Amino acid sequence: MTISTSVAATFSQGEGRPRARLLRDRILLFCALVLLWEVAGRYWLEPVWISRPSLISERLAAMGLSGDLFVHTWTTLTEASLGLALAFVVGLPVGIAMARYKYANEVAGPFVMALYSLPRVALAPLFIIWFGIDLFSKVFMAFSTVIFIFMLNVHEGLKTIDRDLLDLFRTMRAPRVYVMRKVMLPSLVPWLIASLRIGVGLALVGAVVAELIGASAGLGWYIERSAGRMDTTGVFAGLVALGVIAIVGNLMVDALDRRFSTWRPA
Amino acid sequence: MTASSAVIARPRALIEGDSGLLSGPVAKNAAKASLRSLGVEFRSNDGAATQVLQDINLDIANGEFVSVVGPSGCGKSTLLRVLSGLVPARSGAVTIDGRPLDGTPAGVGFMFQRDTLLPWATIADNIRVGLDLSAARHDPAAAADRVRQLVSFLRLSGFENHRPHQISGGMRQRVALGRLLAYDPDLYLMDEPFGALDSQTKQLMGAELLRVWAAHRRSVLFITHDIEEAVALSDRVVVLTSRPGRVKLDLSIDLPRPRDLRELKTNRRFGELCELVWNNLELQN
Numbered sequence: 055m056t057i058s059t060s061v062a063a064t065f066s067q068g069e070g071r072p073r074a075r076l077l078r079d080r081i082l083l084f085c086a087l088v089l090l091w092e093v094a095g096r097y098w099l100e101p102v103w104i105s106r107p108s109l110i111s112e113r114l115a116a117m118g119l120s121g122d123l124f125v126h127t128w129t130t131l132t133e134a135s136l137g138l139a140l141a142f143v144v145g146l147p148v149g150i151a152m153a154r155y156k157y158a159n160e161v162a163g164p165f166v167m168a169l170y171s172l173p174r175v176a177l178a179p180l181f182i183i184w185f186g187i188d189l190f191s192k193v194f195m196a197f198s199t200v201i202f203i204f205m206l207n208v209h210e211g212l213k214t215i216d217r218d219l220l221d222l223f224r225t226m227r228a229p230r231v232y233v234m235r236k237v238m239l240p241s242l243v244p245w246l247i248a249s250l251r252i253g254v255g256l257a258l259v260g261a262v263v264a265e266l267i268g269a270s271a272g273l274g275w276y277i278e279r280s281a282g283r284m285d286t287t288g289v290f291a292g293l294v295a296l297g298v299i300a301i302v303g304n305l306m307v308d309a310l311d312r313r314f315s316t317w318r319p320a
Numbered sequence: 013m014t015a016s017s018a019v020i021a022r023p024r025a026l027i028e029g030d031s032g033l034l035s036g037p038v039a040k041n042a043a044k045a046s047l048r049s050l051g052v053e054f055r056s057n058d059g060a061a062t063q064v065l066q067d068i069n070l071d072i073a074n075g076e077f078v079s080v081v082g083p084s085g086c087g088k089s090t091l092l093r094v095l096s097g098l099v100p101a102r103s104g105a106v107t108i109d110g111r112p113l114d115g116t117p118a119g120v121g122f123m124f125q126r127d128t129l130l131p132w133a134t135i136a137d138n139i140r141v142g143l144d145l146s147a148a149r150h151d152p153a154a155a156a157d158r159v160r161q162l163v164s165f166l167r168l169s170g171f172e173n174h175r176p177h178q179i180s181g182g183m184r185q186r187v188a189l190g191r192l193l194a195y196d197p198d199l200y201l202m203d204e205p206f207g208a209l210d211s212q213t214k215q216l217m218g219a220e221l222l223r224v225w226a227a228h229r230r231s232v233l234f235i236t237h238d239i240e241e242a243v244a245l246s247d248r249v250v251v252l253t254s255r256p257g258r259v260k261l262d263l264s265i266d267l268p269r270p271r272d273l274r275e276l277k278t279n280r281r282f283g284e285l286c287e288l289v290w291n292n293l294e295l296q297n
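Those protein sequence lines, which keep their order, are chains A and B.
Numbers given in the working numbering equal positions in the first sequence, counted from 1, plus 54.
Numbers given in the working numbering equal positions in the second sequence, counted from 1, plus 12.
Some hints here could point you the wrong way.
[As the list claims (entries may be wrong)] With the C-beta cut set under 7 Å, the calculated list includes, among others, these residues of chain B facing chain A: (1) S96; (2) L98; (3) V99; (4) T116; (5) F122; (6) R126; (7) T128; (8) W132; (9) R175; (10) Y195; (11) G283; (12) C286.
Calculated directly from the structure, the hints in this document are not laboratory data.
Source: prediction; values computed, not measured.
Note that the Cβ used here is the ideal one computed from N, Cα and C, for glycine as well.
Turn these sequences into a full structure, and let the hints guide you.
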């Protein structure tokens with residue numbers, strides 16, 4: 055029992071006070087930057103170039119009241135999260151198959167990498183032709199951006215599984231399903247969380263890029279429309295909303311990370 | 013570290029309190045595993061073959077504790093891997109209970125130098141793996157009961173819900189031993205299981221292993237590079253030559269049991285036997 059308490063003590067140290075300080079300093083930095091921006095927009099540069107935080111807040115408040123903010127945010131959020139979820143659901147088994155069927159993976163390898171390296175932005179017009187300008191072209195765009203992250207990470211994660219651990223389960227004649235459940239999937243968790251972390255941002259990029267090219271709603275569409283009217287404040291309002299989505303997404307990944315990584319030494 | 017040693021060092025009768033924990037002794041004197049003119053070679057990617065083991069003849073009787081020592085790289089570990097079906101024999105015959113080895117044999121348990129625990133699973137769940145995969149079927153209540161018994165038998169009480177990274181190396185090896193006991197094989201293959209531990213913990217773990225072995229007398233094939241450990245624990249010590257490994261010496265250890273590992277150090281016969289093994293060991297450079 056002595057060990058357990060001392061371990062708990064070492065782990066909880068470094069939380070409390072430094073964390074509060076970090077938060078305080080982050081808020082201070084944020085305020086300083088916003089203030090600098092406000093001053094620059096008021097006295098040094100025309101608002102048409104960089105707008106002003108005060109104008110942006112006003113716009114966001116107005117959009118919030120009219121319900122536009124909700125509509126556009128919801129649209130983009132739906133597209134990105136459906137794309138992300140689909141990439142997870144498809145990427146995990148494909149990555150497992152890549153590790154399982156080594157020869158087939160070697161045959162397909164160069165083509166997968168070619169697709170991966172292709173700027174997916176260039177595919178957006180094609181997706182719009184295939185799936186129309188509504189939800190599905192955006193979902194597919196986000197999916198096509200993120201799927202490779204899951205595939206390649208899962209494949210890599212399976213390659214780095216402890217050989218001795220697998221050998222041990224082999225000597226105990228463990229059924230394949232048991233090894234999958236007890237060894238493979240748990241050891242993939244950190245890789246999946248790392249993929250999610252990258253995937254949240256990439257799915258947003260995919261959804262917004264597709265919106266820029268052809269859409270009837272969404273934050274990307276709102277930014278594109280505002281830019282077309284030289285409405286810099288509108289552009290920044292859209293960007294702020296996207297930033298908030300990205301931050302919330304990352305916080306959710308952090309929470310998952312904390313929930314599932316208790317077994318890793320700090 | 014200190015806390016864990018203190019837990020092990022608590023004095024106790026040798027086989028106290030574990031009756032019924034493990035199934036009864038197995039009939040002695042029949043060969044559990046037998047190797048006849050075994051040869052193994054590894055083929056590297058460029059096709060070159062390296063002879064690892066050559067013409068190995070070795071019998072392990074039921075309930076016998078056999079250690080294998082030899083210079084590093086002599087194929088000691090490969091010997092275990094052949095018996096567990098992880099590495100194929102190129103020539104010769106391998107039988108377990110008189111049956112030729114085909115794939116991964118049942119009733120054979122492996123323990124590595126590294127603890128190879130599931131890092132995300134608790135101590136209890138790690139031991140539970142052995143039960144899940146053992147030949148005997150347990151209903152959930154019986155399984156939980158058995159895990160509790162093993163936890164207290166290995167003096168891990170209070171740590172059931174810890175993860176491997178929160179306990180000491182010696183305790184982790186006891187968890188691995190617990191998993192092996194839960195699996196309850198007839199043949200224990202142990203590849204330098206205490207090799208990564210400090211000498212004090214190693215000796216305590218040796219005593220622990222003897223306690224377990226005395227309780228239910230399974231066959232053990234124990235790989236080590238520590239001569240004193242081999243002599244102290246075993247009924248027989250087999251010395252291999254450097255690569256390709258052949259049997260250089262097959263020595264019966266005629267020290268009485270039960271053995272007190274600390275007292276052995278001053279025993280004259282023990283010293284002579286160690287000396288004999290030493291003299292047959294080809295040390296490189």
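Hints versus structure:
1. S96: 4 Å, holds
2. L98: At about 6 Å, which falls below the 7 Å cut-off, the nearest Cβ of chain A leaves the hint on B:L98 intact, so it holds.
3. V99: Violated. Min distance 10 Å.
4. T116: 5 Å, holds
5. F122: 4 Å, holds
6. R126: 6 Å, holds
7. T128: Where the cut-off is 7 Å and the nearest Cβ of chain A is about 5 Å from B:T128, the hint holds.
8. W132: Since the shortest Cβ distance to chain A is 4 Å, the answer is holds.
9. R175: 5 Å, holds
10. Y195: 6 Å, holds
11. G283: For B:G283, the interface hint is violated, since the closest Cβ of chain A sits about 35 Å away, which is over 7 Å.
12. C286: Status violated, d = 30 Å.
Going through the hint list in order, the structure does not satisfy hints 3, 11 and 12.
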